[in-house]
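Asks: Produce the complete structure using the sequences and hints provided.
Per our numbering, numbering of the sequence shown is gapless, rising by one per residue and ending at 175.
Keep in mind that the hints are not guaranteed to be accurate.
[To be verified] Computed beta-carbon distance windows for the label pairs:
#	residue 1	residue 2	range
1	Cys144	Tyr61	29 to 37 Å
2	Tyr141	Ser68	42 to 50 Å
3	His106	Met58	25 to 33 Å
4	Gln114	Ile60	30 to 38 Å
5	Ile60	Pro149	21 to 29 Å
For the record, the hints were derived by calculation from the structure and aren't laboratory data. Where is the CB? At the ideal position from N, CA and C, for every residue including glycine.
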Amino acid sequence: MLIYEDKLDGSKAQFAAIEEAIRTTQFIRNTCLRLWMDARGVSRNDLQHYCAVLARQFPFALSRNSQARQAAADRAWAAIARFYEHCRLKTPGKKGSPAVPACLSQCRGQADGLEAGS
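Replies: This is the structure we're talking about:
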């Protein structure tokens with residue numbers, strides 16, 4: 058994976074918007090992981106539908122567009138799929154359910170993650 062890094066020169070409002078987007082993405086991902094841990098038989102499609110439920114329940118999740126919310130759910134599903142793959146292959150190392158990360162320093166999703174007017 059090729060990663061480019063650069064220093065940002067922005068205003069406090071821009072940095073606050075980025076931090077809010079990161080926190081919202083973490084919340085959606087962690088909530089999807091929690092749904093998978095608590096319920097049996099949760100599929101990738103169920104996580105996508107759960108994003109719409111979260112948007113109706115939490116106004117800050119509604120500030121992200123549906124594509125960005127679903128990208129967070131896809132990220133959660135990638136962790137779940139990786140867990141199943143490691144179990145199937147009996148990969149040595151750490152075992153257990155995907156961890157809910159305490160600090161995630163990046164916001165993966167679409168470039169247009171915030172709705173207009175936010």
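Asks: If you check each hint against the structure, which ones fail?
Replies: Failing hints: none at all.
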